[in-house]
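Engineer: Sequence:
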Amino acid sequence: MHLLRNANPAKIPEEITIFATFSRWKDAALDYLYTACKFKTATLLGLEWIRKNQVYDLTKLYHEVLYKVMKNKRYSIGSSLVLEEIWKSTKTLEVNIQDVELSNWLMFQAMGDKDKNSNLNIRLIEPDKVEVLILNRVADRYYRDIVKVNVPKGYRHIFEKVYELGSSKQLAYLGRIYINNCWCDYPFEEVVNCEVQFSIPTKLYIDLKKRYSKNNGRLISGIDFNDDRIN
Numbered sequence: 012m013h014l015l016r017n018a019n020p021a022k023i024p025e026e027i028t029i030f031a032t033f034s035r036w037k038d039a040a041l042d043y044l045y046t047a048c049k050f051k052t053a054t055l056l057g058l059e060w061i062r063k064n065q066v067y068d069l070t071k072l073y074h075e076v077l078y079k080v081m082k083n084k085r086y087s088i089g090s091s092l093v094l095e096e097i098w099k100s101t102k103t104l105e106v107n108i109q110d111v112e113l114s115n116w117l118m119f120q121a122m123g124d125k126d127k128n129s130n131l132n133i134r135l136i137e138p139d140k141v142e143v144l145i146l147n148r149v150a151d152r153y154y155r156d157i158v159k160v161n162v163p164k165g166y167r168h169i170f171e172k173v174y175e176l177g178s179s180k181q182l183a184y185l186g187r188i189y190i191n192n193c194w195c196d197y198p199f200e201e202v203v204n205c206e207v208q209f210s211i212p213t214k215l216y217i218d219l220k221k222r223y224s225k226n227n228g229r230l231i232s233g234i235d236f237n238d239d240r241i242n
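The sequence shown begins at 12 in the working numbering and counts up one residue at a time.
Everything hinted at is true.
Here are the simulated lysine-lysine pairs, DSS-like style, with alpha carbons at most 30 Å apart: (1) 159 x 82; (2) 125 x 214; (3) 84 x 140; (4) 159 x 84.
Bear in mind the hints are in silico, worked out from the structure with no lab data behind them.
Every value quoted in this text rests on a predicted model; they were computed, and no experiment measured them.
Generate the whole structure from the sequences, applying the supplied hints.
Structural biologist: Shown next as structure tokens:
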């Protein structure tokens, strides 16, 4: 079964998610898919561990399951956040953890760190440029990919401010790469279309949005995810 995004829809979330889109081709496309698949595998194995032990224990999950798959501290913790929300939701909604399944998503995420210029794994290095830590599918080693992103017109000023605050170590944000779709283009060239998502404080979002446009509420989320994509 799929869990509800929020057991209390009237509660104002602490964070709001902003996004931009980009595409990658050929080897880079396959590496993004590989990283997302590894993240999904870690989360699935983590869910099996919770089902077996009937407890959410971050320390044991991290060392016994998540890090063994991801080989990266921040992506392992990113996977644990998904599992923590699932565990909390089962308790709030009185759902049996054995009945919970992950929906058909592909993504990877990492928590932010002010001392690491906002986020060491997924971060803005310019208002419209992102640096992403991804896995090479052949060597199974991480490398940094820099990509220009398409920022929606209504969010350009927000991305500019988030970049400014992050690069000056005033803001840490959760960064997420969500795979929207993938296909094989002629002549047999792999393509992935992605969203980069950043979770920023609700107050910051509202303050910036008030200056330029009205908030349509579409992208409100806390530690859970847009449009019920994940659980």
